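Student: The primary structure of each chain is shown beneath.
Protein chains: 2
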Amino acid sequence: MAKKLVEAITSMDQDFTQWYTDVVLKAELIDYSSVRGCMIIKPYGYAIWELLQKQLDQRFKDTDHENVYMPMFIPESLLEKEKSHVEGFAPEVAWVTHGGSEKLTERLCVRPTSETLFCEYYSNNIQSYRDLPQLLNQWCSVVRWEKTTRPFLRSLEFLWQEGHTAHATAQEAQEETIKMLNVYAEFCENVLAIPMIKGKKTEKEKFAGAEATYTIESLMHDGKALQSGTTHNFGDGFAKAFDIQYTDKDNKLAYVHQTSWGVSTRLIGGIIMVHGDDSGLVLPPAIAPIEVMIIPIMQKKEGVLEKAAEIKAALSTFARTKVDDSDKSPGWKFAEYEMKGVPIRVEIGPKDIEKDQAVIVRRDTREKFIVSLGDLKEQVKMHLDSMQKNLLAKATEHRITHTYTATDMVDFAKIIKETPGFIKAMWCGDQGCEEQIKEDTGATARCVPFEQEPVGDTCICCGKKSDTLVYWGRAY
Amino acid sequence: MAKKLVEAITSMDQDFTQWYTDVVLKAELIDYSSVRGCMIIKPYGYAIWELLQKQLDQRFKDTDHENVYMPMFIPESLLEKEKSHVEGFAPEVAWVTHGGSEKLTERLCVRPTSETLFCEYYSNNIQSYRDLPQLLNQWCSVVRWEKTTRPFLRSLEFLWQEGHTAHATAQEAQEETIKMLNVYAEFCENVLAIPMIKGKKTEKEKFAGAEATYTIESLMHDGKALQSGTTHNFGDGFAKAFDIQYTDKDNKLAYVHQTSWGVSTRLIGGIIMVHGDDSGLVLPPAIAPIEVMIIPIMQKKEGVLEKAAEIKAALSTFARTKVDDSDKSPGWKFAEYEMKGVPIRVEIGPKDIEKDQAVIVRRDTREKFIVSLGDLKEQVKMHLDSMQKNLLAKATEHRITHTYTATDMVDFAKIIKETPGFIKAMWCGDQGCEEQIKEDTGATARCVPFEQEPVGDTCICCGKKSDTLVYWGRAY
Numbered sequence: 001m002a003k004k005l006v007e008a009i010t011s012m013d014q015d016f017t018q019w020y021t022d023v024v025l026k027a028e029l030i031d032y033s034s035v036r037g038c039m040i041i042k043p044y045g046y047a048i049w050e051l052l053q054k055q056l057d058q059r060f061k062d063t064d065h066e067n068v069y070m071p072m073f074i075p076e077s078l079l080e081k082e083k084s085h086v087e088g089f090a091p092e093v094a095w096v097t098h099g100g101s102e103k104l105t106e107r108l109c110v111r112p113t114s115e116t117l118f119c120e121y122y123s124n125n126i127q128s129y130r131d132l133p134q135l136l137n138q139w140c141s142v143v144r145w146e147k148t149t150r151p152f153l154r155s156l157e158f159l160w161q162e163g164h165t166a167h168a169t170a171q172e173a174q175e176e177t178i179k180m181l182n183v184y185a186e187f188c189e190n191v192l193a194i195p196m197i198k199g200k201k202t203e204k205e206k207f208a209g210a211e212a213t214y215t216i217e218s219l220m221h222d223g224k225a226l227q228s229g230t231t232h233n234f235g236d237g238f239a240k241a242f243d244i245q246y247t248d249k250d251n252k253l254a255y256v257h258q259t260s261w262g263v264s265t266r267l268i269g270g271i272i273m274v275h276g277d278d279s280g281l282v283l284p285p286a287i288a289p290i291e292v293m294i295i296p297i298m299q300k301k302e303g304v305l306e307k308a309a310e311i312k313a314a315l316s317t318f319a320r321t322k323v324d325d326s327d328k329s330p331g332w333k334f335a336e337y338e339m340k341g342v343p344i345r346v347e348i349g350p351k352d353i354e355k356d357q358a359v360i361v362r363r364d365t366r367e368k369f370i371v372s373l374g375d376l377k378e379q380v381k382m383h384l385d386s387m388q389k390n391l392l393a394k395a396t397e398h399r400i401t402h403t404y405t406a407t408d409m410v411d412f413a414k415i416i417k418e419t420p421g422f423i424k425a426m427w428c429g430d431q432g433c434e435e436q437i438k439e440d441t442g443a444t445a446r447c448v449p450f451e452q453e454p455v456g457d458t459c460i461c462c463g464k465k466s467d468t469l470v471y472w473g474r475a476y
Numbered sequence: 001m002a003k004k005l006v007e008a009i010t011s012m013d014q015d016f017t018q019w020y021t022d023v024v025l026k027a028e029l030i031d032y033s034s035v036r037g038c039m040i041i042k043p044y045g046y047a048i049w050e051l052l053q054k055q056l057d058q059r060f061k062d063t064d065h066e067n068v069y070m071p072m073f074i075p076e077s078l079l080e081k082e083k084s085h086v087e088g089f090a091p092e093v094a095w096v097t098h099g100g101s102e103k104l105t106e107r108l109c110v111r112p113t114s115e116t117l118f119c120e121y122y123s124n125n126i127q128s129y130r131d132l133p134q135l136l137n138q139w140c141s142v143v144r145w146e147k148t149t150r151p152f153l154r155s156l157e158f159l160w161q162e163g164h165t166a167h168a169t170a171q172e173a174q175e176e177t178i179k180m181l182n183v184y185a186e187f188c189e190n191v192l193a194i195p196m197i198k199g200k201k202t203e204k205e206k207f208a209g210a211e212a213t214y215t216i217e218s219l220m221h222d223g224k225a226l227q228s229g230t231t232h233n234f235g236d237g238f239a240k241a242f243d244i245q246y247t248d249k250d251n252k253l254a255y256v257h258q259t260s261w262g263v264s265t266r267l268i269g270g271i272i273m274v275h276g277d278d279s280g281l282v283l284p285p286a287i288a289p290i291e292v293m294i295i296p297i298m299q300k301k302e303g304v305l306e307k308a309a310e311i312k313a314a315l316s317t318f319a320r321t322k323v324d325d326s327d328k329s330p331g332w333k334f335a336e337y338e339m340k341g342v343p344i345r346v347e348i349g350p351k352d353i354e355k356d357q358a359v360i361v362r363r364d365t366r367e368k369f370i371v372s373l374g375d376l377k378e379q380v381k382m383h384l385d386s387m388q389k390n391l392l393a394k395a396t397e398h399r400i401t402h403t404y405t406a407t408d409m410v411d412f413a414k415i416i417k418e419t420p421g422f423i424k425a426m427w428c429g430d431q432g433c434e435e436q437i438k439e440d441t442g443a444t445a446r447c448v449p450f451e452q453e454p455v456g457d458t459c460i461c462c463g464k465k466s467d468t469l470v471y472w473g474r475a476y
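First to last, the sequence lines map onto chains U and G.
Per the numbering used here, the first sequence runs over residues 1 to 476.
Per the numbering used here, the second sequence runs over residues 1 to 476.
Simulated from the structure, these hints should not be mistaken for lab results.
Below, simulated DSS-like cross-link-like pairs (lysine-lysine); rule was C-alpha separation at most 30 angstroms, straight line:
1) G:Lys198 to G:Lys83
2) U:Lys179 to G:Lys322
3) U:Lys301 to G:Lys249
Since the structure is predicted, the reported quantities are computational estimates derived from the model, not experimental observations.
Based on the sequences and whatever the hints tell you, model everything.
Tutor: This is how it looks when you write it as structure tokens:
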């Protein structure tokens, strides 16, 4: 039975796309709905989101941001106020045209992102330098009318947070943009155990309406990149379009400088594709809804369930712990919680009780340890901690071994085709070259990394002088 | 300055509606937006919602419910599956007709409530009695195309939670319906300090598609009732419309029995109208974003800000505490935090420091206490606790003194007109009488209370024999 369940997943190396779909469904993260491209986030998937949200929200509060809630609708005329913004988003919004049986005089779009609403708010609420900075965030769902969708990675509706800030000076806005990118990267590394490359997007890849977009990029198991979070510096572009002015200390009118930044349920897709294996999901303890699953063996024997409950009480003081005492077989349970990525399994049966011990099995390394009951608490604590670190180390190693250097287009194309991963290559900054590379190889400029370590001095595409290193890759 | 700020609010007795609007704006709970009927929940208002949400969500988890997220769109054909449900909601939904530039083949409504989505999910996910009960909840925003709107009380879009459960038997569904009503009532009393009348809605007032609707009703300062939360028992009506069947222990197919239940940001409207006064908001400590505001007096004098910081550190161990060291005057600050309903203000100045004391001022009673610094922690703790209890006691007393008994229609009409409040009166159960009473007096049947204490034996409207006591009132 256990075997059968495991066999039901496609192997990663055989068909990564199918493996991903198998995992999201069999680990009970999502379900499809009759609404095209919209997913139902099931209890187990939503519990991961809640843990992620709680820890990220704490970081926002620690950096003095406050949460608000803006309307989900944006009147068409408001969306149109900033030219490049509307051009970027209008093709992919859902339009509300009727309320009840009445036709609306002006169409409303369901927010694809809320810059325009925050701008309107700021223009009404900022008068003086005393009102700055404004450091706001909201947790909500947004809608983008995508043609092809995949659970977590690209869906018509998704959950996210969007931070929107307004500052007195260009410098402060730039500092905020970089600060929040660092908050994201630290969170992804320490909580999700996913290492990030931090950098700047090219002009072609930047957000509609931004002066500059920064990104954290991670590498999935299959060698494709995932844009995991972005922060945008708007300069005073939106402020001019929405007339957001304040009186400065010298009593002069000045435009504010703004930023926005967001991460979404897409991060869950990243967790799956970075840590998962052929037995299913592997969750970093920090966001595992169940950190320890206790499985009683021969649970009808006297004392087994009592001992399991005792262990649960002891472990619950520091870890999210459950006992599965359902009438399913231990083998079925082993496979089930491996599929769900539960970090640690504790097995306890009559023989273990006799020997005053329990068995610990780690999900990441599949190592098995026999531990005396007196040491169990310390051992579980140690393994949870070690697993959190090990996942980050493994993911970092995977990224390092799948990051290549190319100095000519032949090499570049060969790497993309044969050994997918990040490619470090020089670029002259010309959009023509960027587009040519994409056309020839399918790879896009993921970012101009903050850590610039040139691998040559000429553009890989046109051969002109270049001192800019870019991370390239095929991306989700 | 302090005086001026206070004068800026309309007095409650002069114009309660205007007072309410003044409070929601001046306490910075909301802002209007250019989207008709939609509100912007500002940081202070949203912080109240977060505290409320956290404590209510814990109660859901403690009663074994799990959170999920369903799509925000409902295809028209899905909404139409349960006849009375669609009749109730179709007139007030927002319709999405276009995605990008494409016209949709089927209109999607923005969820006004999610019964139909949960039913579809249950019909795909429930096979056997082993899959029951299903105890799910979601936190989200919903849209109802209301003609007249008021912040928190009735808005086009609002935040809420909706629980949706499926059970093997009618009895279990009924038990869940009552259990969650009790969870709501306990939460409102202990956290929001608002006492509730628990009872059943009449047929006329029940939810579209429900077999029975239960409600918690509270009384506002102006004598009007506020429906504060409802729970619905659907029987197997939705199960039949959506074909949600399971194989029972005897291997026979049976329909599930379902419930749903919700409370919303409307509760914040209740907090305002139950506890507020002519100086603004009054918040129960349990949901106050700032429980203690420390106001330094003559803060430029040596040692004052240091002492304020010291007190903040001491009080922060058990209460949400802030220091306002802005350059505004103490008088301005007193008025500002009274307006915002901060439960306790601590004043500390050079003279206080000299005498090793601080001044405590309670928002509810406006009592002022001089407390030695050594006792401050204990005293603040005691006053917060006492204020939480006092608010509930005051609100309960207000409800008791504004609950009347009527045995004929003349009395009934006189009470409604002259001394608004709840009216207890007998009713025969006939919908004609219910409608007549509404037409004549504007009062609706708030609920048939669980605690039946007859005040007569004939229907107040038609005079026929009756043993059913009803709470009546004009409502928001």
